[in-house]
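As they're listed, the protein sequences go chains H and V.
Once you know that position 264 of the first sequence is 264 in this note's numbering, the rest is easy, because the numbers rise by one and skip nothing.
Once you know that position 227 of the second sequence is 552 in this note's numbering, the rest is easy, because the numbers rise by one and skip nothing.
Derived from the structure by calculation, the hints contain no laboratory data.
Here the structure is a predicted model, which is why all the values come from computation and not from measurement.
Do not rely on the hints blindly, as some may be mistaken.
Said to hold, decoys possible - Restraint-style ranges between C-beta atoms, simulated for each label pair: (1) H:Gly9 to V:Lys588: 37 to 43 Å; (2) V:Ala375 to H:Gly106: 43 to 49 Å; (3) V:Pro411 to H:His20: 25 to 31 Å; (4) V:Asp647 to H:Lys104: 47 to 53 Å.
Using N, Cα and C, we set each Cβ at its ideal position, and we do this for glycine too.
Protein chains: 2
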Amino acid sequence: MRIIIAGFGTVGQGFAEVLHNKADMLPVKVVAAFDSKSYAADSNGLDPLALVERKKRTGAVGDHGLTGGTDVMDDVDYDVLVEVSPTNIEDGGAGLRHIEHALKRGKDVITVNKGPLALKFRELSRLAEKKKALLRFEGSVGGAMPIINLCRENLKGERVRSIRGIFNGTCNFILSRMDNGLPFEQALKEAQQLGYAESDPTYDIEGIDAACKVVILANSIFRRNVTFSDVSITGITSVSAEAIALAADRGMVIRLIGEVSDKTLEVSPRLVPKGHPLSISGTLNTARILTDLAGPITVSGKGAGRIETASAILSDLMAIMDRRR
Amino acid sequence: MRIIIAGFGTVGQGFAEVLHNKADMLPVKVVAAFDSKSYAADSNGLDPLALVERKKRTGAVGDHGLTGGTDVMDDVDYDVLVEVSPTNIEDGGAGLRHIEHALKRGKDVITVNKGPLALKFRELSRLAEKKKALLRFEGSVGGAMPIINLCRENLKGERVRSIRGIFNGTCNFILSRMDNGLPFEQALKEAQQLGYAESDPTYDIEGIDAACKVVILANSIFRRNVTFSDVSITGITSVSAEAIALAADRGMVIRLIGEVSDKTLEVSPRLVPKGHPLSISGTLNTARILTDLAGPITVSGKGAGRIETASAILSDLMAIMDRRR
Chain H
1 MRIIIAGFGT VGQGFAEVLH NKADMLPVKV VAAFDSKSYA ADSNGLDPLA LVERKKRTGA
61 VGDHGLTGGT DVMDDVDYDV LVEVSPTNIE DGGAGLRHIE HALKRGKDVI TVNKGPLALK
121 FRELSRLAEK KKALLRFEGS VGGAMPIINL CRENLKGERV RSIRGIFNGT CNFILSRMDN
181 GLPFEQALKE AQQLGYAESD PTYDIEGIDA ACKVVILANS IFRRNVTFSD VSITGITSVS
241 AEAIALAADR GMVIRLIGEV SDKTLEVSPR LVPKGHPLSI SGTLNTARIL TDLAGPITVS
301 GKGAGRIETA SAILSDLMAI MDRRR
Chain V
326 MRIIIAGFGT VGQGFAEVLH NKADMLPVKV VAAFDSKSYA ADSNGLDPLA LVERKKRTGA
386 VGDHGLTGGT DVMDDVDYDV LVEVSPTNIE DGGAGLRHIE HALKRGKDVI TVNKGPLALK
446 FRELSRLAEK KKALLRFEGS VGGAMPIINL CRENLKGERV RSIRGIFNGT CNFILSRMDN
506 GLPFEQALKE AQQLGYAESD PTYDIEGIDA ACKVVILANS IFRRNVTFSD VSITGITSVS
566 AEAIALAADR GMVIRLIGEV SDKTLEVSPR LVPKGHPLSI SGTLNTARIL TDLAGPITVS
626 GKGAGRIETA SAILSDLMAI MDRRR
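Chain H with its partners taken away, still in its complex shape (with noise of 0.2 Å):
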């Protein structure tokens, strides 16, 4: 099986480490990889911790100029495109281009670019169903949580009444920390230093990513057909440390929920019971499935980190190996 990596950040990386680690198992070549300068393509197959490494020290991961990622993906013979270039919610960005290409010329599309994902869930599921195509996104929401394949495949027979859950481990993280007594700046600045948080962290705490992902759960497991701009979001930025002071009075603490339904569609910092599976504290995901003949089912797991979404993405490649075979 051959496979193009669209994207060597943090996660294109991990999942280069990850086919490096699990190559006995993993009858796969990389033909070509790229970032948003640079690429390297061999159809004998790259060696994956080569192009890390060049990554590291050059900061490119090819000695060739990209005039763009379709050009590489025109010339090269794949079957897989792995994209996991830098979300961009404004309109998809380059990550959009390059699963179209990919999809409309029937290749089977990995993806934990939340972008392409909001934006065009619909066309792109129709677009891969025309052409025969698979389109996995297993890390798109949670990581390495079990959540999207779970409730797609395992869960296929239910009905799924509701997901709530914590989608950002970022705000998880700080609002964990206030739980402590932090206040908001502080906490923030630890989640900063620790490198859970961006320099510009209004991504995370205006619950952005968090609505990218009750989009890609709406879309996908409820067949909605709803984009970023249809969620009610509501950041952590006003939460202050008297409300959450207030909370633990009465035995509560405030999380920021993603719930998604037939009918909802809402990111919000909310109330919950100490010890409900959704008071958890720390970086993790978690989400409350309701389905109607399983009655709840909860799973948590990292939310991000390298190798756990490249985990994510390995599990979304042998479900392809296998149909495929």
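With chain H's structure known, arrange chain V on it following the hints.
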């Protein structure tokens, strides 16, 4: 797809109801059903709900006296055996005979019957492989909690390092009630009154049920070759109110934990810090799956119940339909 339902107790009836309720999405015919004394068969398909009604009214699923389940299986053309007859952990009982009979003929099997799986897993999975039959058993561990297929399929690329969990809802209910100050005997009585515990509760409270599940996980996920007698088992009958009070003083609870890894195979009451994923109260089952890439993934769900267990069977049935398409 033609199904035989072997065993028509709580779970068999629950599954029949699910087949009735989900008839639109399931191109499935029940061509035979039998319990310990009787059977019903019709190659054009039986009405699942009529079977449930007859069983409730007369105590028998069919009009015909049963000579043996395998006789029915010989007389009827079918594709999938759903084996849900009572668990026998001495020698696997009739359930083991039914499963072997089906697999030998290359028929796919879904079971939640812990006896055959805990005693003869290796033999049964080899037989299935040889005959290119599918043997699926999601509901045998943790009821509606997703774990077997999650580990074997979704997490196929991962190395599962260990699984620790609460695999018996009855014990967990009793221990949770003891957290509230009830002595063991009274908590047990309450569990019996609520229908969570049998009148002879040995199988649950001595850890036997949890041990069967640990064996199934060891063989199916860790590729070990162990049986029930290999498990180090301590039940909850020796857990005193004093021990629970002492634990509470230290911010801990006592839970019956099953643990399995390449080296471990154990069921015992353990101290768990309050707030830890394995400290949950009530009848839920939960498991913490530790893998090489994803890190810890925690799942929880209803460990028992008519419809909940049927939901796990449905999940396996949909997977078989997908495979055989």
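Hints, one by one, checked against the model:
1. H:Gly9 to V:Lys588: 37 to 43 Å: Taking Cβ atoms as reference, glycine 9 of chain H and lysine 588 of chain V lie about 38 Å apart, which means the hint holds.
2. V:Ala375 to H:Gly106: 43 to 49 Å: Since alanine 375 of chain V and glycine 106 of chain H have Cβ atoms about 47 Å apart, the given range 43 to 49 Å holds.
3. V:Pro411 to H:His20: 25 to 31 Å: Given range 25 to 31 Å: violated, Cβ gap about 49 Å.
4. V:Asp647 to H:Lys104: 47 to 53 Å: Given range 47 to 53 Å: violated, Cβ gap about 26 Å.
Hints 3, 4 from the earlier list are contradicted by this structure; the remaining hints agree with it.
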